[in-house]
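These protein sequence lines map, in sequence, to chains L and P.
Residues in the first sequence are numbered from 1 upward in steps of one, following the numbering used here.
Residues in the second sequence are numbered from 1 upward in steps of one, following the numbering used here.
The set of hints was computed from the structure by calculation and includes no laboratory data.
Just so you know, these numbers come straight off a predicted model, no measurement behind them.
Please note that a few of the clues may not be correct.
Which bits of chain L does chain P cover? Going by a derived footprint, with three or more residues having C-beta under 8 Å, they are [as the list claims (entries may be wrong)]:
#	stretch
1	9–17
2	20–32
3	97–108
Pulled from the structure, derived: some chain P residues nowhere near chain L, Cβ distances all over 12 Å [unchecked claim]:
#	residue
4	Gly-22
5	Asn-43
6	Val-142
7	Glu-148
8	Lys-201
9	Ile-236
10	Gly-240
11	Thr-258
12	Thr-275
13	Thr-284
14	Ser-290
15	Lys-326
All C-beta atoms, glycine included, are put in the ideal place defined by N, C-alpha and C.
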Amino acid sequence: MGVKISLKNHLKLLMEYVKISLASAMEYKTSFITQTITMVINDTVWIIFWIIFFNKFNQINGWTVQDMFMLYAVVTFSYGLAGVFFGNRNKIAEVIAEGKLDFYLSLPKNELFHVLISRSSWFSMGDVVFGLIMGIISFSWWQWPLFFVLSLMSMSIIISFGTLAGSLAFFMGNAEESSRNLYMGLISFSTYPLAVFHGAARIILLTIIPAGFVSGIPVELLKNFNLKWFLLSLICSLVFITISIIVFKLGLRRYESGNNMNVRV
Amino acid sequence: MVAIISIKNLTKEFKTRRKEAGLKGSIKSIFSPSYKLTKAVDNVSFTIKKGEVIGFIGPNGAGKSTTIKMMSGILFPSKGKMDVFGYNPQKQRKDLSFHIGTVFGQKPQLWYHLPAIDTYNLFSKIYELDEKSYRSRLDYLVKLFEVEEIIFQPVRKLSLGQRMRCEIIASLLHGPKVLFLDEPTIGLDLIAKKKIRELLKRLNENEKVTIVLTSHDMDDVEQICNRLIIINEGKIVYDGSTKDIREKYLKYKVIKVTLERQVTSLGLNLLGVKTIENEKYTQTLEVDTSKQPVQKVISQILSKHKISDITVLDPPIEEIIERIFKKEL
Numbered sequence: 001m002g003v004k005i006s007l008k009n010h011l012k013l014l015m016e017y018v019k020i021s022l023a024s025a026m027e028y029k030t031s032f033i034t035q036t037i038t039m040v041i042n043d044t045v046w047i048i049f050w051i052i053f054f055n056k057f058n059q060i061n062g063w064t065v066q067d068m069f070m071l072y073a074v075v076t077f078s079y080g081l082a083g084v085f086f087g088n089r090n091k092i093a094e095v096i097a098e099g100k101l102d103f104y105l106s107l108p109k110n111e112l113f114h115v116l117i118s119r120s121s122w123f124s125m126g127d128v129v130f131g132l133i134m135g136i137i138s139f140s141w142w143q144w145p146l147f148f149v150l151s152l153m154s155m156s157i158i159i160s161f162g163t164l165a166g167s168l169a170f171f172m173g174n175a176e177e178s179s180r181n182l183y184m185g186l187i188s189f190s191t192y193p194l195a196v197f198h199g200a201a202r203i204i205l206l207t208i209i210p211a212g213f214v215s216g217i218p219v220e221l222l223k224n225f226n227l228k229w230f231l232l233s234l235i236c237s238l239v240f241i242t243i244s245i246i247v248f249k250l251g252l253r254r255y256e257s258g259n260n261m262n263v264r265v
Numbered sequence: 001m002v003a004i005i006s007i008k009n010l011t012k013e014f015k016t017r018r019k020e021a022g023l024k025g026s027i028k029s030i031f032s033p034s035y036k037l038t039k040a041v042d043n044v045s046f047t048i049k050k051g052e053v054i055g056f057i058g059p060n061g062a063g064k065s066t067t068i069k070m071m072s073g074i075l076f077p078s079k080g081k082m083d084v085f086g087y088n089p090q091k092q093r094k095d096l097s098f099h100i101g102t103v104f105g106q107k108p109q110l111w112y113h114l115p116a117i118d119t120y121n122l123f124s125k126i127y128e129l130d131e132k133s134y135r136s137r138l139d140y141l142v143k144l145f146e147v148e149e150i151i152f153q154p155v156r157k158l159s160l161g162q163r164m165r166c167e168i169i170a171s172l173l174h175g176p177k178v179l180f181l182d183e184p185t186i187g188l189d190l191i192a193k194k195k196i197r198e199l200l201k202r203l204n205e206n207e208k209v210t211i212v213l214t215s216h217d218m219d220d221v222e223q224i225c226n227r228l229i230i231i232n233e234g235k236i237v238y239d240g241s242t243k244d245i246r247e248k249y250l251k252y253k254v255i256k257v258t259l260e261r262q263v264t265s266l267g268l269n270l271l272g273v274k275t276i277e278n279e280k281y282t283q284t285l286e287v288d289t290s291k292q293p294v295q296k297v298i299s300q301i302l303s304k305h306k307i308s309d310i311t312v313l314d315p316p317i318e319e320i321i322e323r324i325f326k327k328e329l
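Start from the sequences and build out the full structure, keeping to the hints where you can.
Spelled out as structure tokens, the structure:
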């Protein structure tokens, strides 16, 4: 049998999953709507915090409250997209530890891609909406195409980082807590202006924990486009995608499955 | 007939960390971890022919599931060679998946909050089935499994037995030539178990689908499998026809009687009946069915005593394995 494992077919599958998980979410409409609204409120609270903050200090190392709006546009939009389309991005450790990979490994699709897309966190829709609102407040029309491209790159970094953190479970067994902390770390750092970090901290945020490339650098690029930093961002996201795929593949050889219906760890 | 699956010297080792008890042990294991290699599957070889129905049985942790998972490409073996339809499950997992179906009793694949039909539609996309053949295949399976109504109800509202029937359909949509089932009857009541067995039998007869199932329920295997592989501590202890096992090792039944009044002995004087446990109100007997029909034993107990409960059981799988080891009979 000729088996085609093409990108197009995988994207089609992504849309199928979006449909089926939306249908599943719709089984509980109230919960779905509440979650979305809660997310918008959560994001708004943070923005209010920054407005108060910048009212008092005007700017930190050249960053103003307008820059924070842009940062929130990029951060919430890209995290939101990752959540809606690749909802298992922060659940990989669980999937591995609970032996749930069996399901994906018995089907004719790329297992990592399939794991990532098979869940949609619909309250991430709140983040997407919030990101767009922030975008409308901050961007001129010519900034939008760049915003979308940069958000896609940020999204890839977020997903790859989540995959890497989750793959720890292949190598250390009980890694759910550490992987969650790493992922949360990336989120927290990317909601602060890059300008507050100096020296070693800055280097870390542009390499090991690439929060700088998720939000700070995209904001700088949206303010003043710079080809060198754009290419560095692109390279960063490609490197992270590649490493996460390789590490996951290596981990698979150590996968132990298990039959536990419920495990205590 | 030709072998469609051949497994040679298959071994799977798991590395487990050893730790002394308590917090002290935990701290010690951080600084000087010691590992223990456990062989979940130990140098196993066998071949499977087209159309066979094979039961893999053994106690918990014997290596049944691990073997099935290696054959379907889910786990990497530590050593050994596998050939499943000419594919190497580790290197050609995706190609292989078009030819095999897997059902894991403890790991549902159906979307919990949605009707089964939604999952089926998704599976048709995953396997890239063309719409027309998918529809006719689904119609056929839905009729065969008698689930016409229930595939439109949310899975969470189905009984366990109905759910398992729907699970099996999901694994059959792409028309696999082999169906691997891991504990398909786990947690089901007797009637639901019987139903699943009948369906699997019919599936094998109608479509010549090769079926490999694991179970720790001797009944399952006795009813539908023509070949039996008994596995214990990772090693094959028996590979042969179910008939032989039945004749040699399933000659025993265990009868458990709970009496209304306490007695020291049941006072039966029958050939081939042995008391194996004697408690205040409960007596456990072992009956050699080649020497004494179970019915006769029961009727004698009933005529002599007032009883509040009686159960007839097959000897547990562990005991059969023990007997095989001891080469009894």
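Query raised in the report: Hey, does Glu-148(P) actually stay past 12 Å from chain L on C-beta?
Result: holds (21 Å)
Query raised in the report: Is the Cβ of Ile-236(P) farther than 12 Å from every Cβ of chain L?
Result: holds (20 Å)
Query raised in the report: Looking at Val-142(P) again, its CB stays over 12 Å from all of chain L?
Result: Given a closest Cβ separation of 19 Å, the condition holds.
Query raised in the report: Would Thr-284(P) pass as off the interface with chain L, using Cβ distances and a cut of 12 Å?
Result: holds (30 Å)
Query raised in the report: Is it correct that the beta-carbon of Gly-22(P) has no partner in chain L closer than or equal to 12 Å?
Result: holds (17 Å)
Report task. Beyond 12 Å from every chain L Cβ: check whether that's true for Asn-43(P). Result -> holds (19 Å)
Query raised in the report: For the stretch 20–32 of chain L, does the count of residues with a C-beta closer than 8 Å to a C-beta of chain P reach 3?
Result: The restraint on the stretch 20–32 of chain L holds, since 5 of its residues have a Cβ under 8 Å from chain P and three suffice.
Query - Coverage of the stretch 9–17 of chain L by chain P (three or more Cβ within 8 Å) - result: holds (count 5)
Report task. Would you check whether the claim that Thr-258(P) is not at the interface survives, using Cβ distances to chain L and the 12 Å cut-off? Result -> Its Cβ never comes within 12 Å of chain L, the nearest being 31 Å, so this holds.
**Report entry** Assertion that Ser-290(P) lies farther than 12 Å from chain L (Cβ)
**Finding:** At about 36 Å from chain L, Ser-290(P) clears the 12 Å cut-off, so the statement holds.
Query - chain L versus Thr-275(P) - minimum CB to CB distance exceeding 12 Å, so not interface - result: Holds, because the least Cβ-Cβ distance between Thr-275(P) and chain L comes to about 36 Å, which exceeds 12 Å.
Query raised in the report: Taking a Cβ-Cβ distance under 8 Å as contact, does the stretch 97–108 of chain L have three or more residues in contact with chain P?
Result: With 9 residues in contact (Cβ-Cβ under 8 Å with chain P), the coverage given for the stretch 97–108 of chain L holds.
Checked against the numbered hints above, the structure violates none of them.
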